[in-house]
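Heads up: the sequence lines are chains U and E, in that order. If you count the first sequence from 1, position 58 lands on 58 in the numbering used here, and the numbers rise without skipping. If you count the second sequence from 1, position 72 lands on 72 in the numbering used here, and the numbers rise without skipping.
To be clear, the hints were calculated from the coordinates, so they are not data collected in a lab. These numbers were taken from a predicted model, which means no experiment stands behind them. Accuracy of the hints is not assured; some may be wrong.
Here are the simulated lysine-lysine pairs, DSS-like style, with alpha carbons at most 30 Å apart [stated by the list, open to error]: (1) E:K14 x E:K55; (2) E:K14 x U:K233; (3) E:K55 x E:K211; (4) E:K26 x E:K211; (5) E:K111 x U:K139; (6) E:K211 x U:K139; (7) E:K26 x E:K219; (8) E:K219 x E:K14; (9) E:K114 x E:K14.
Listed below are the residues making up each chain.
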Amino acid sequence: MRFLATIGAAILGMLAAIGRVALFAADTISHILRPPWYPREFVTQIMQIGYFSLPVVGLTTIFTGGALALQIYAGGARFSAEAVVPQIVAIGMVRELGPVLVGLMIAARVTSSIAAEIATMKVTEQIDALVTLSTNPMKYLTLPRVLAATLVMPVLVAVGDIIGIMGGYLVGVNRLGFNAATYLKNTLDFLEPLDIVSSLSKGAVFGFVAALMGCYFGMRSGRGAQGVGAATKGAVVAASVLILAANFILTELFFAA
Amino acid sequence: MINLIGVHKSFGPKDVLRGVDLSIPKGESMVIIGGSGTGKSVLLKSVLGLIAPDKGEITVEGLDVTRLRQGSSERDAFLAQFGMLFQGGALFDSLHVWENVAFRLLRGSLKRPKEEARAIAIEKLRRVGLTPDVADLFPAELSGGMQKRVGLARAIAAEPQIIFFDEPTTGLDPIMSGVINDLIREIVVEMGATAMTITHDMTSVRAIADKVAMLHGGKIRWTGPVADMDDSGDPYLTQFITGSAEGPIEAVR
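Excised from the complex, chain U in its bound form (with noise of 0.2 Å):
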């Protein structure tokens, strides 16, 4: 009985977690249409989210995309495929690598830093002090940051998408002796609409949810330094799961035949 009772204890556990952050989501989407609102946080988060993002976003998916020109072409000549390469790298960096691994570089970049930071702000009252000082906390800092990561990181997941295509394109011209105006024309008429609508979306669910995880986690953080730390760790963890099951939900809502 007592085995039976962890079990029921530990699913009744995950679904209040699953409704305290969906109603933490509902929370902070409302303050969209209600003022004040406060710009200033929303650029800076722009900048902190996006464009501080762009090293490790354009490192991640170079190196990835080379690697990804070079496993393709070894595994294609196995069966006489080799000239696949140029469609195959910018299937897989537009649809599934350039998305998920940016998804998860603003995970382990952003995330942790939202969380740390909010969750120090509550072990020190400053989020106190924001309420004293008539400021919603889910408007001042919950709001810019998921409304930022939410709207960059199409643009963060494009420019990851192309870096990592032309990581593909510098191993296969220079590496494997493609052609460059061939690989490049192969690129593009390889590409589908739908593809980019896919990977950008997924790039706006990824923002969404690395944001919010930083979020909800900074602000139920515990005392203390293990406080914070449990709270970083549990926002990354979070977010880097949450991103890989929305990404094979989106996957399956839009390429499932």
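Chain E: place on chain U using the hints.
Leaving out everything else, chain E in the frame of chain U:
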């Protein structure tokens, strides 16, 4: 006038407040004393609506605090009459000192032009004994005493009618504690504000208080004018004032 009637608050199995009754008339400086963990901060945060009491009534100028909805304009207006100095200062790390002080004046219903808000912030910094060159520093660049003073400047920036001080001298050396105590007393008298301070620093109590209330066992154990404190005849209060290990308050809690 701040009124608390039968305020209860528990955290899990721990009953922190067990029926607090307290009244603070307008323009009076009330200091609440009590040992660590007796619920002083919980009491103060309950008045601000940061913590919802389980039972009881809290009114400020006749307005029932517990009925104000989070984020409502009524609650914003209610909070606009408060200034609060937090124990650790609670300054916003990402903002310059002057932006911290002028926080309320840069946004919301009290918004002023940036230059005017900055001028007010510098004036308030001067009021708490800080020079204008501090205005463009970040809080992390200041000492603990300076952070407390900036916190004090922020608390008084919007000319509040009620000011709360949460352990204003904790972590400061005796001289800086004296400076902060004098500043609080001067500001409260000068502004005619109602003040509620929580502390266990008896020097602070004597410097700041018109009236004193002692919180013990989740209730107000004693309350009265600061001048009557030493002759109260209450063994709990006497033990607290003298700092004796012997007495009705257990040293191990």
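Is the straight-line distance between the alpha-carbon of K14 (chain E) and that of K55 (chain E) 30 Å or less?
holds (15 Å)
Please verify whether K111 (chain E) and K139 (chain U) have alpha carbons no more than 30 Å apart.
holds (17 Å)
When you check the alpha-carbon spacing of K14 (chain E) and K233 (chain U), does it fall within 30 Å?
holds (29 Å)
Going straight from one Cα to the other, do K55 (chain E) and K211 (chain E) come out at no more than 30 Å?
Distance of about 25 Å is within 30 Å: holds.
K26 (chain E) and K211 (chain E): Cα distance at most 30 Å?
Between K26 (chain E) and K211 (chain E) the Cα gap is close to 12 Å, so the pair holds against 30 Å.
Proposed proximity, K219 (chain E) with K26 (chain E) (alpha carbon, max 30 Å):
holds (22 Å)
Taking only the CA atoms, is the gap from K219 (chain E) to K14 (chain E) under or equal to 30 Å?
holds (14 Å)
Hinted pair K114 (chain E) and K14 (chain E), Cα distance within 30 Å
This hinted pair is violated, its Cα atoms lying about 47 Å apart.
Taking 30 Å as the top limit, are the C-alpha atoms of K211 (chain E) and K139 (chain U) close enough?
Distance of about 39 Å is beyond 30 Å: violated.
Checked against the numbered hints given earlier, the structure breaks hints 6 and 9 and satisfies all the rest.
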